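Chemist: These are the residues of each chain, in order.
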Amino acid sequence: MQCVQFDKTVENEPDGPLPADAILHLETCPDCRLLRSDLDVIRAASREWGAEELVPPPAIWVALRAQLESEGLIHGPQVPTHVQLGDSVGGKSWLTALLGGSGTSAPRLSLAGAGCLLLVASALLGLQLRMYSGNVSSNASSGGVLARVLPAADSASASPLLGLDLHQTLEGDMERVMASLPGQNASLAMSLEENLGIVDHLIAACEKSMREQPDNPAVRQYLYGAYQQKAVLLATAIDRTTLEDR
Amino acid sequence: MNARTITVNCVSAAGATMAAFLLSTGAYAQTHRTERHFAVEGKPVVTVQNPSGHILVKAWDKHEVMVVGRFAASSVEVDTEQVGNRIEVATHVGDPHASGGDTKTDYEITVPTETELQVRTDSGNVTIDSVHGDVSFDSVTADLALQDVEGYLAIKTIGGSTICTRCAGRMDANSISGNFQLIQPVMDNVRVQTSSGNILFDGSFLSRGIYVLKNYSGTIEVRFSSNDSFDVNASSLFGNVVNQAPVVPDRHQMRAPKYPPNGMAQSLFGSMNEGHAKVELSSFSGTIKILKRD
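Residue numbers (the numbering used here), protein chains in the order written: chain A, 1 to 246; chain B, 1 to 294.
One or more hints might be untrue.
Here are some chain A residues pointing at chain B (derived, C-beta under 8 angstroms) [as the list claims (entries may be wrong)]:
#: 1; residue: R65
#: 2; residue: V199
#: 3; residue: A226
So the derived label-pair ranges between C-beta atoms look like this [stated by the list, open to error]:
#: 4; chain 1: B; residue 1: Y152; chain 2: A; residue 2: E194; range: 23 to 31 angstroms
#: 5; chain 1: A; residue 1: E69; chain 2: B; residue 2: R86; range: 37 to 45 angstroms
#: 6; chain 1: B; residue 1: L291; chain 2: A; residue 2: A204; range: 46 to 54 angstroms
DSBU-like cross-link-like pairs, simulated, lysine-lysine; straight-line CA separation at most 35 angstroms [as the list claims (entries may be wrong)]:
#: 7; chain 1: B; residue 1: K289; chain 2: B; residue 2: K278
#: 8; chain 1: A; residue 1: K208; chain 2: A; residue 2: K8
#: 9; chain 1: B; residue 1: K43; chain 2: A; residue 2: K8
#: 10; chain 1: B; residue 1: K62; chain 2: B; residue 2: K43
#: 11; chain 1: B; residue 1: K58; chain 2: A; residue 2: K208
#: 12; chain 1: B; residue 1: K62; chain 2: A; residue 2: K8
#: 13; chain 1: B; residue 1: K289; chain 2: A; residue 2: K208
#: 14; chain 1: B; residue 1: K58; chain 2: B; residue 2: K156
Hints were generated in silico from the structure; no laboratory data involved. Since the structure is predicted, the reported quantities are computational estimates derived from the model, not experimental observations. The C-beta atom is built at its ideal place from N, Cα and C for all residues, glycine as well.
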């Protein structure tokens with residue numbers, strides 16, 4: 001076996017047992033031994049990462065809840081437990097949950113409160129995605145990561161990603177932000193909704209590709225970028241609701 | 001000591017009517033006009049906050065900022081403020097129920113050439129001509145036209161498109177659905193991203209320049225001349241790459257990006273001439289075109 005063939009073997013079966021000829025090649029080739037050693041280290045590191053649970057300090061959620069309750073954005077006895085970022089597949093759920101409130105006369109969203117939530121959610125999402133960007137294995141661990149970040153579209157159950165159930169904690173939808181836009185600017189609201197649809201469509205496309213190519217880092221980066229675009233859009237919408245207050 | 005001026009203007013009906021006939025585009029039945037002058041030194045910073053309307057910013061040689069605002073609604077107020085070399089212009093709407101059309105305000109602002117600009121708007125269009133200071137632009141649907149500007153250009157739009165003609169300096173631009181056109185740019189650092197818009201770069205790639213153009217769908221088109229020298233890395237995961245450049249394997253022994261064997265990516269990786277500039281073109285499902293300029 002030559003080095004090129006060894007590379008292909010490792011590439012096609014990164015976690016499988018090496019065939020006999022590959023093992024023989026390893027004994028005579030220091031470069032391939034080094035490659036194999038590196039892959040073992042990466043695999044071990046990825047398993048450790050996969051075992052970690054990203055749970056922000058409880059104080060963050062307590063402070064967030066107090067802030068949101070003080071603004072009347074949430075109410076009721078429910079205690080935050082999980083985040084359902086994954087329910088965003090093809091829809092607006094995490095964003096709409098983040099925006100909160102279904103009442104039409106509810107107080108205007110606070111930039112501080114909503115922005116803080118946005119920051120926490122997007123930062124943790126980004127961290128989660130980045131953490132696993134180096135995971136080259138295609139074993140169950142990798143699939144598990146994908147499942148946590150991107151649960152199946154038909155899954156209605158909560159996904160224990162970040163430790164906060166925005167669906168249960170916040171009520172509402174995008175209409176609340178739109179209703180808060182200065183002067184009830186219909187064209188502005190229409191544009192934001194239209195672009196929200198574009199971003200959601202892209203996220204759905206990226207998630208579909210992610211399910212089909214779970215080990216493709218480029219797809220993962222595009223998905224991360226699409227979420228960033230959604231965060232930019234949300235920040236802009238919230239920003240415009242407070243434009244007149246400045 | 002800094003002079004601070006806060007102005008709220010409603011020009012008399014007679015003067016405004018005359019101004020409307022003489023100066024406006026005829027869109028307003030009755031136009032209010034306000035004009036302010038601010039003496040400045042060095043490189044002033046001018047911020048403009050206007051929800052809707054047309055904004056024209058142009059440069060002149062005077063050490064003075066002139067702001068001319070026109071609006072139709074009586075509920076609209078134009079506030080201007082000067083603190084030293086910082087000038088702020090903001091449109092305020094007294095009636096919170098006023099629709100977007102009612103709040104439309106047009107500005108014509110003339111500034112010293114080296115002025116730094118910060119423009120924030122929702123809809124309408126913005127034209128900036130021959131200003132050589134940094135520009136920050138934040139809009140939702142407003143289109144932006146830049147001509148002969150120079151400096152660091154930070155552009156953020158949601159749906160607004162940008163046309164940049166003979167721009168120099170650096171550009172960092174992001175949009176959701178807006179298009180970007182860079183015509184005859186003289187820029188050594190360009191980073192443009194749009195989700196569903198098109199990107200056109202029609203200019204020279206400067207030596208040591210870095211050009212990063214990215215979208216998800218739509219078309220990314222760059223045009224080169226035979227003298228251009230650049231390394232190119234173009235990849236569309238689920239789209240096409242159309243190339244007319246005589247690219248050879250990368251001269252700098254850089255490793256080509258690797259995609260899983262089951263991927264459908266179309267990619268191009270290599271050098272043209274000496275590879276002095278770095279060009280990265282990436283799309284999720286769009287088409288990338290690297291075309292020879294006529």
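Chemist: If a hint holds in the structure, say so; if it doesn't, say that too.
Modeler: Verification of the supplied hints:
no.	hint	verdict
1	R65	30 angstroms, violated
2	V199	6 angstroms, holds
3	A226	7 angstroms, holds
4	B/Y152 <-> A/E194: 23 to 31 angstroms	30 angstroms, holds
5	A/E69 <-> B/R86: 37 to 45 angstroms	39 angstroms, holds
6	B/L291 <-> A/A204: 46 to 54 angstroms	31 angstroms, violated
7	B/K289 <-> B/K278	16 angstroms, holds
8	A/K208 <-> A/K8	27 angstroms, holds
9	B/K43 <-> A/K8	60 angstroms, violated
10	B/K62 <-> B/K43	12 angstroms, holds
11	B/K58 <-> A/K208	47 angstroms, violated
12	B/K62 <-> A/K8	68 angstroms, violated
13	B/K289 <-> A/K208	26 angstroms, holds
14	B/K58 <-> B/K156	21 angstroms, holds
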